[in-house]
Amino acid sequence: MASFVVRRVLATLAVLFFASLIAFVLLRAAPGDPARKLLGPQASEQAVSALRADMGVDRPLLQQYGTYVGDLATGDLGYSWRTRTTVTAELTARLPATLELAMTAMAIALLLAIPIGVLSAGRRRWVDRFSRAGAIVGLGMPQFWLGLVLILVFFTWLGIAPAPFGRIDDTVAMPARTTGLLLVDSLIAGDFAAFGNALSHLVLPALTLAIPLAAYLSRIVRRSTIDVYRNDYVRTARAKGASETRVLFRHALPNALLPILTLSGMWFGELMAGALLVEAVFNWPGIGGWVAQSIQAQDYAPVQGAILLGALVYSVVNLVTDLLYGVVDPRIRLATT
Amino acid sequence: MNRNGSIPAVPGSAAGAATAGEIERDLLLRVRGLNVAFGPADDPVRAVRGVDLDVRAGEVVALVGESGSGKTVSALALLGLLPAGARVSMDEAVLAGEDRAAMSEEELRLVRGARAGTVFQDPLSSLNPVQRIGDQIVEAIRLHRRIGTREARRLAVARLAQVGIPDPQRRFRDYPHQFSGGMRQRAMIAMALASAPPLLIADEPTTALDVTVQAQILDLIQELQRELSMGVLLITHDLGVVGRVADRVVVMNRGEVVERGETAQILSRPSDPYTIRLLESLPRLDVAKRAPAAAGGEPDGAARKVALETAGLEVVFSRRGGAIGRKVTNVRAVDDVSLTVGAGRTLGLVGESGCGKTTLGRAIVQLADATAGQVTIGGTRLGGERARRLRDLRRHFQLVFQDPQASLDPRQRIGRILEEPLALHDLCGGREQRRRRVVELLELVGLGTEFATRLPHELSGGQRQRIGIARALALEPSLIVLDESVSALDVAIQAQILALLERLQQELGIAYVFISHDLAVVRQIADTVAVMYLGRVVESGPSEQIYREPRHPYTAALLSAVPIADVARERARERIVLHGDPPSPADPPSGCAFHTRCWLRSRLGDPEICTTARPALGGRADGGQHRAACHFSDRQAELLPPSLLGATRGASA
Ligand SMILES: Nc1ncnc2c1ncn2[C@@H]1O[C@H](COP(=O)(O)OP(=O)(O)OP(=O)(O)O)[C@@H](O)[C@H]1O
Ligand code: SF4
Ligand SMILES: [Mg+2]
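Order-wise, the sequence lines are chains A and B.
Position in the first sequence (from 1) plus 14 gives the number in this note's numbering.
Position in the second sequence (from 1) plus 377 gives the number in this note's numbering.
Simulated from the structure, these hints should not be mistaken for laboratory data.
Honestly, I wouldn't trust all of these hints.
From chain A, some residues computed to sit far from chain B (all C-beta separations above 12 Å) [to be verified]: (1) 54; (2) 122; (3) 280.
Here chain A is said to cover these stretches of chain B; the calculated rule only asks that three of the stretch's residues, wherever they fall, bring their Cβ under 8 Å from a Cβ of chain A [stated by the list, open to error]: (4) 479-490; (5) 548-560.
Predicted, not measured: the structure shown is a model, and the values here were computed from it.
All C-beta atoms, glycine included, are put in the ideal place defined by N, C-alpha and C.
Based on the provided sequences and hints, a complete structural model is requested.
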């Protein structure tokens, strides 16, 4: 087990290294001058070259890369010239919003997909037809469009959702920051008004993210459940006299959900990527808009930071699911020790 | 008709004409006119047609028949365990002493497990892989009894102990994959018996197991059955098992009952043609291979060419383990094996699962790398060839796998499959010639030309195995290694394949290495036999001598564990019971590797030499070919129970 973790950490470091290299090269290979972009077409040539010197983009590429990696090694992600803040500060402020969105979406997707998948694996055919149709629709819809429809229905027509601006109403006091996740922070502070408000803001964007994933996962859960029901141990359970409910919850589900676990890990990365888009629709103060603007401004440091972050989240989530898999599946847990 | 075929010991069973509606006291299972159909209503697969069955308290009824004859489906239908889509009907049914027709779904569910225990065929897939063994037994107990978890645990541990699991306290917490095949089957039995049901339905409970473990499990079932006076419905295709434990037999063929009666009568004087054929195709421990015709007067000696020779062959697998991968475990799968097979002769390779038979076979055909020793085939010493040259050499030695299904590409037509090796080795020049050769090959293995255009899934298991053999024959090899190649087949088809192999040997002079765990099959086909235990050959020699006068206690134990389809001899036999499973090859016992399970050693009063010195594979003083690796092989004969080998020597002995 220990050696497994060590190997995975080393692999993660390697992934991060290559991600940083690719981010660095790609950004610099793009045409255009970041200093000129920042100052605008009116600025004098002198001012631009002064800024270029300040930014360090006039130095040889190899030297720039050296500084970048050196800074990275000390935990310094660089400086955003567009917003004039450090990348670390921006990330700390914005990442929790995105993470909270993605995690909630993941939870909703699983909560939808598991019961739907299990029910459509059952003997009632119409449930399956219905859920399959739903899955096709859910997977086929463009996400921003889905978000707009949800806003239209729940905010504009029904008026039961808050306006799609931000994570919490201005009139509600933010809870003291401990994790940056509003739901968690408000609970820690015991501030249920803030909790409710934050939750109501979270529901629509999280649903927007969750629905396509739920559509996909529900089909996987269905397949996996059907496969598990064909196993002899299900017959054994029935032969023992177990009721169908018991067969499902004690024998079929624990086995059927094992493959879902790995998939969820893979899909968390996708969710983070999807979040960037959905954030724009809901004016969510996450990293999405910030990254998009930084790309346009050719602001190197934030984009590099975001790419690194993506690679890191992906690796960490996969490591965690692999470890979890080892914990829940005794065949793996006991083989590695 | 002996339809109710009651055993005399059970009182009251003579009251066959019990008043309708009232169920006889000792009647546990009765069904009349059981029908099961699958598939569409207009074109149904009628898997079971009009089956009648009776099981009374204290008797073992065997349900026998070939694969697909409807044995399992009948049992599942009675238990209400068939998948959706099966259409079941029965005129009258009693399950566990109660009227089944009057039961609701819920009542039927409660009868399962409480009054009718079930043991299924494959003990690995039949246990939930992510639940502890103990918890699965506890569940079986608590489903039918309102007792606390702690009390149920105590009972479960007691059950595990009862079925002979060593150290049940600790094993309770293991998961199925940590158990060996035999232990899993014991756990299944413990689970089936959790609520001490009066009726036990066991579906092929020993089919996947080694003979030694099979003997243990059959003993266990019989012991428990007597102790608890259970009625047992034993589903099996093995007539030896029937001869050993069953009181009555019901024979099924294509969904119908074709014969029923007392075991002794059915096995000795069957009346139905199907049963007669079944018994005739059964390989027997006491019938040896017919002497090879070609050999004629030629003496078995220097004159005969050698097809295969291995000298000191060794295959060691190293596996890294431990926290940082520094601990290396070496598994000696094959350890110092020296064998000789004459041209046109057959060597049978037997032993329990995990003893290294398959690895040895693969090392012979250069599919596993030997870590020491040599393989010489047809005079050419193999080992260390470059890939190209090895490919050229391969035409002289071929391997036929256990599973015919898995070794044929499902999308290639049979003709293509057979042509491929020819084209690969550039053997018969043009396409037309290759075609002709394919036809020849098909005829050689007894299949018509029309098979060339078929796909593998359109063939039966036996036909597929013939294709596997035809493919091996395509290159006219001098040696074929057959790894459990007939084990998955029904006896009738198995007999056909064995006859085919013998015919091909006589016609083409091919030598076989025939790997099998089935000692009766090996007896039928092998000229010489090598018995393996933990990677080493512990006894080798002419088949006749090995079966009649084994010189190693392990061989004697294996032979004594094979049940035979002859009630009188089977039940008169004394038995050597080997306890437990073979030790791990990663950590073999010191001295003689067999000493942990050796019955001879304990009869001799545990001599120390067995644990300190490894016995060499030595011959007898008379210099014959019969060798055994035991310090006391010359003392075994006098200590063997005289009735023990009755089965292998036949009536003449
Ligand atoms: N769920 C099913 N759907 C359709 N056909 C089935 C189903 N289960 C079994 N059958 C068919 O019913 C017939 C009887 O099968 P069954 O499993 O009872 O054979 P068996 O005698 O137990 O054979 P074996 O010795 O191989 O276990 C076979 O032809 C089989 O293909
Ligand atoms: S050497 Fe000893 S332990 Fe080994 S088989 Fe012979 S008697 Fe048994
Ligand atoms: Mg069966």
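Cross-check of the supplied hints:
For residue 54 of chain A, the requirement that its beta carbon stay farther than 12 Å from each beta carbon of chain B is met, with the minimum near 58 Å. Under the 12 Å C-beta cut-off, the non-interface status given to residue 122 of chain A relative to chain B holds; the minimum distance is some 26 Å. Distance check for residue 280 of chain A against chain B: the nearest CB is about 21 Å away, which clears 12 Å, and the non-interface claim stands. Given as covered by chain A, the stretch 479-490 of chain B passes the check, having 5 residues with a CB less than 8 Å from a CB of that chain where 3 are the minimum.
Chain A is given as covering the stretch 548-560 of chain B, and this holds because 3 residues of the stretch bring a CB closer than 8 Å to a CB of that chain, at least three being needed.
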